[in-house]
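Work out the full structure, taking the sequences as your base and the hints as a guide.
Going down the list, the sequences are from chains B and E. By our numbering, the letter at position 92 of the first sequence is numbered 92, and the numbering carries on one by one without gaps. Each position in the second sequence, counted from 1, maps to that position plus 1000 in our numbering.
It is possible that some hints are incorrect.
What the hints assert, rightly or not - Which stretches of chain E does chain B cover? Using the computed rule of at least three CB atoms under 8 Å from a CB of chain B, they are:
| hint | stretch |
| --- | --- |
| 1 | 1010-1018 |
| 2 | 1033-1045 |
Claimed, not checked - Below 30 Å or equal to it, Euclidean Cα-Cα: the simulated BS3-like pairs (lysine-lysine) are:
| hint | chain 1 | residue 1 | chain 2 | residue 2 |
| --- | --- | --- | --- | --- |
| 3 | B | K111 | E | K1030 |
| 4 | B | K85 | E | K1046 |
| 5 | E | K1002 | B | K85 |
| 6 | E | K1111 | B | K81 |
| 7 | B | K111 | E | K1024 |
| 8 | E | K1024 | E | K1111 |
| 9 | E | K1006 | B | K111 |
| 10 | B | K111 | E | K1062 |
| 11 | B | K81 | E | K1006 |
| 12 | B | K85 | E | K1062 |
| 13 | E | K1085 | B | K111 |
| 14 | E | K1111 | B | K111 |
| 15 | E | K1024 | B | K81 |
| 16 | E | K1002 | E | K1046 |
| 17 | B | K85 | E | K1006 |
| 18 | B | K111 | E | K1046 |
| 19 | E | K1042 | E | K1006 |
| 20 | E | K1085 | B | K85 |
| 21 | B | K81 | E | K1062 |
| 22 | E | K1111 | E | K1042 |
| 23 | E | K1085 | E | K1002 |
| 24 | E | K1046 | B | K81 |
| 25 | E | K1042 | B | K85 |
| 26 | B | K111 | E | K1042 |
No lab work stands behind these hints: they were computed from the structure. No experiment lies behind these values; they were computed from the predicted model shown. All C-beta atoms, glycine included, are put in the ideal place defined by N, C-alpha and C.
Below, each chain spelled out in residue letters.
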Amino acid sequence: MVNNRKKVSDVFAALADPTRRRILESLARRGERRVTALARPFRISLPAISRHLHVLERARLIQRRRQGRIHFIRTRAAGLKEAQKWLMRCALEWDSRFDAIDVLLAEGERKEERDEIRRENQR
Amino acid sequence: MKSAVKISGNQVQITRIFNAPREKVFAAWKTADQVERWSGCKDSTKVEVRMDFRVGGSFTQKLHIRNAGEYTITGTYDEIVEPEKIVYHVNLGPATTQVAIEFIAQGNQTKVILTQVGFPDENLSRIVSEGTMESLDRLDQILCGHAV
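See the structure below:
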């Protein structure tokens, strides 16, 4: 469970950066590509791209294939599934939200009681 | 677990009785500062809400996820009948889900029936059962954290 949560937070951390989102979009649109070809449209250095790819790899959002010295990168659908599952579960957590609404309503009622007492005291 | 949950096909129905009159329960859904107080989920630390509470109006909820960054979901209100009913749909990225909430007055209490559709059937019951465990954790947190 903890492991699973770690994976999910890696995915969201990876997705939080706009360059990394664009890298993923580019890979999803155009399929597997060499690192150098992938880096070209981005106006940042190859080491910088490398660092981004490393984060995506750790989040298991991409997969690397080596052919001699050439590295090919493609997306890894299973990685995104973790995040999707997290989002769906989050969307369904109504019981805990309703608990929080209960707290909110109780606070509102206590505030009204306090106001009532204050009004009585002023009279 | 104070809510009753019913799953059929790709539909989840959650029923809960609140100890407050209908207008007050409905009010918790009406403004961003109220919604921010209760929305989000177990792994989110904060939610920033922007909302245009009218039919056709849209809303965004920026979830701050623990150790992870932010994720924004967007939605649109499809139906608002104050203080009886709210229907909206949300784009989660991987799926779109529609939520209908009915507020039924029962004396000084309010029965809320929330119906959510739009998830792939095969995953739904599994996700819900896992989610229930997490909700129980969260309930403990709320009871400890907000003890009065």
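Each hint tested on the structure:
no., hint, result
1, 1010-1018, "holds (count 4)"
2, 1033-1045, "holds (count 9)"
3, B:K111 / E:K1030, "holds, 19 Å"
4, B:K85 / E:K1046, "holds, 20 Å"
5, E:K1002 / B:K85, "holds, 24 Å"
6, E:K1111 / B:K81, "violated, 35 Å"
7, B:K111 / E:K1024, "holds, 13 Å"
8, E:K1024 / E:K1111, "holds, 12 Å"
9, E:K1006 / B:K111, "violated, 35 Å"
10, B:K111 / E:K1062, "holds, 29 Å"
11, B:K81 / E:K1006, "holds, 25 Å"
12, B:K85 / E:K1062, "holds, 18 Å"
13, E:K1085 / B:K111, "holds, 26 Å"
14, E:K1111 / B:K111, "holds, 23 Å"
15, E:K1024 / B:K81, "violated, 38 Å"
16, E:K1002 / E:K1046, "holds, 24 Å"
17, B:K85 / E:K1006, "holds, 20 Å"
18, B:K111 / E:K1046, "holds, 24 Å"
19, E:K1042 / E:K1006, "holds, 21 Å"
20, E:K1085 / B:K85, "holds, 28 Å"
21, B:K81 / E:K1062, "holds, 20 Å"
22, E:K1111 / E:K1042, "holds, 24 Å"
23, E:K1085 / E:K1002, "holds, 21 Å"
24, E:K1046 / B:K81, "holds, 23 Å"
25, E:K1042 / B:K85, "holds, 14 Å"
26, B:K111 / E:K1042, "holds, 27 Å"
Consistency note: the structure conflicts with the earlier hints numbered 6, 9 and 15.
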